[in-house]
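Chains as they are written, first to last, in numbering that gives the first Met the number 0: chain U, 0 to 119; chain R, 0 to 192.
Watch out, some of these pointers could steer you wrong.
To be verified - Below, in silico cross-link-like pairs of lysine-lysine (DSS-like), each with a Cα-Cα straight-line distance of 25 Å or less:
#1 U:K91 to R:K192
#2 U:K92 to R:K192
#3 U:K91 to U:K103
#4 U:K92 to U:K103
#5 R:K192 to R:K110
Claimed, not checked - Each pair of labels, with its calculated beta carbon distance range:
#6 U:S68 to R:N161: 10 to 20 Å
#7 U:A108 to R:F112: 20 to 30 Å
#8 U:W36 to R:G15: 53 to 63 Å
#9 R:G138 to U:S101: 22 to 32 Å
#10 R:A101 to U:W102: 46 to 56 Å
#11 U:W102 to R:I33: 24 to 34 Å
Unchecked claim - Covered stretches of chain U, as calculated for chain R (at least 3 residues, CB under 8 Å):
#12 19–33
#13 57–64
#14 93–102
These are calculated hints, taken from the structure and not from any lab test. Values in this document were obtained by computation on a predicted structure and should not be read as measured data. For every residue, glycine included, the Cβ atom is placed at its ideal position computed from N, Cα and C.
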Amino acid sequence: MAHAHATHHPINYIRVWFILVLLLIVSVAGPFLGIRWVTLLTAFGIACIKAVMVARNFMHINLEQRYISYVIITVLVFMLLFFAGVSPDVMKKEGSGWVKPSWKAAAAASSAAQGGAAHH
Amino acid sequence: MSSAARPIATTRSAAGMPTGKLAVWWVIASEIVIFGGLLASYIMHRLAHDAWSAQAAHTNTWIGAFNTMVLLTSSLSAVLAHQAAERGDGPKAARLLYATVAGALTFLVVKAFEWSGEIGEGFTITSSTFWSFYYTAAGLHASHVIAGAILMLFVAADARRNLELHRVELIGIYWHFVDIVWIFLFPLLYIAK
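Model the full structure from these sequences, guided by the hints.
What follows is the structure, encoded as structure tokens:
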């Protein structure tokens with residue numbers, strides 16, 4: 000990697016660190032505005048920016064063989080596939096031809112309680 | 000050390016880069032699946048249960064922010080160590096790696112105090128699913144911090160004598176990945192309330 004680094008523009012690591020700290024301050028300050036979308040943007044948007052900055056400037060991923068980036072992108076896509084495949088089971092209470100047992104039991108208990116209240 | 004006695008990870012370059020570095024990137028790809036699966040599970044459960052915000056409200060944002068600052072700074076010292084190693088200055092690389100280890104220890108000490116307080120308040124790993132995720136994710140990350148710090152001590156010991164300086168970059172790549180994992184854990188566990 001020494002040769003690759005020598006042919007690229009030198010990185011000012013302290014400047015990168017300073018920007019990362021500034022971004023951290025923004026992500027901590029975001030929730031104080033009390034606006035949900037701003038909090039999400041300053042928390043997770045900035046986390047993504049910080050991660051890319053660390054990967055590029057500290058890990059030098061852009062100076063590695065290109066297939067390294069492809070491997071990393073591939074495993075990240077696998078994570079998205081995992082989320083897309085599993086999240087409906089976790090986040091939905093019922094679907095086409097299925098009802099989550101815990102949800103069914105809670106609904107039955109709720110209707111029984113309502114029936115009991117109406118009976119009295 | 001003669002080239003004949005050097006480990007194969009240093010001398011072989013079958014994929015366009017030293018095998019040792021290729022191995023580190025493979026480790027990171029595997030770790031992304033481990034942490035990614037855990038965090039994806041956390042996110043889908045968090046989105047499905049609004050009540051978790053009441054539990055998340057008990058985490059201390061300032062402690063999380065301080066530890067983020069510590070890890071970002073330790074990443075800086077790790078990459079400066081790599082820079083020193085590339086210039087052939089092993090003793091300076093070793094000093095910077097020891098500074099990185101000091102950052103790791105600071106992170107762990109703060110975490111220990113934080114967890115002690117939370118457990119003292121009754122928030123344990125069995126308190127609720129939120130706290131199960133909290134301790135599992137932060138604990139798995141902390142175990143990587145411990146492993147990285149131990150490995151860094153070995154690398155620094157060699158670097159101090161100008162030996163195996165290429166390993167300074169390898170441990171640095173791993174350390175920056177540990178930093179990136181925390182960059183995502185911080186908003187998930189400490190900011191999204």
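A quick look at each hint next to the structure:
1. Our distance criterion of 25 Å between C-alpha atoms is met by K91 of chain U and K192 of chain R, whose separation comes to about 22 Å.
2. A C-alpha spacing of about 23 Å is found between K92 of chain U and K192 of chain R, which places the hinted pair at or below 25 Å, so the restraint holds.
3. For the hint pairing K91 of chain U with K103 of chain U, the CA-to-CA distance comes to about 12 Å; that is within 25 Å, so the pair holds.
4. Among the hinted pairs, K92 of chain U with K103 of chain U is consistent with the structure: their alpha-carbon atoms are about 9 Å apart, no more than 25 Å.
5. Simply put, K192 of chain R and K110 of chain R have alpha-carbon atoms about 20 Å apart, close enough for the 25 Å limit, and the pair holds.
6. Our hint of 10 to 20 Å for S68 of chain U and N161 of chain R is violated, since their Cβ atoms are close to 32 Å apart.
7. For the hinted restraint 20 to 30 Å between A108 of chain U and F112 of chain R, the CB-CB distance of approximately 42 Å leaves it violated.
8. As the Cβ distance of W36 of chain U to G15 of chain R is approximately 43 Å, the hint placing it in 53 to 63 Å is violated.
9. Look at G138 of chain R against S101 of chain U: about 27 Å separates their beta carbons, and that is inside 22 to 32 Å.
10. Taking the beta carbon of each, A101 of chain R and W102 of chain U are about 50 Å apart, inside 46 to 56 Å as hinted.
11. At about 30 Å, the CB distance of W102 of chain U to I33 of chain R agrees with the hint of 24 to 34 Å.
12. Counting residues of the stretch 19–33 of chain U whose beta carbon lies closer than 8 Å to any beta carbon of chain R gives 7, which meets the minimum of three for the stated coverage.
13. Residues of the stretch 57–64 of chain U lying with their CB closer than 8 Å to a CB of chain R number 4, which satisfies the three-residue condition for coverage.
14. Counting residues of the stretch 93–102 of chain U whose beta-carbon sits less than 8 Å from any beta-carbon of chain R gives 0, not enough to reach three: the coverage restraint is violated.
When each numbered hint is compared with the structure, violations occur for hints 6, 7, 8, 14.
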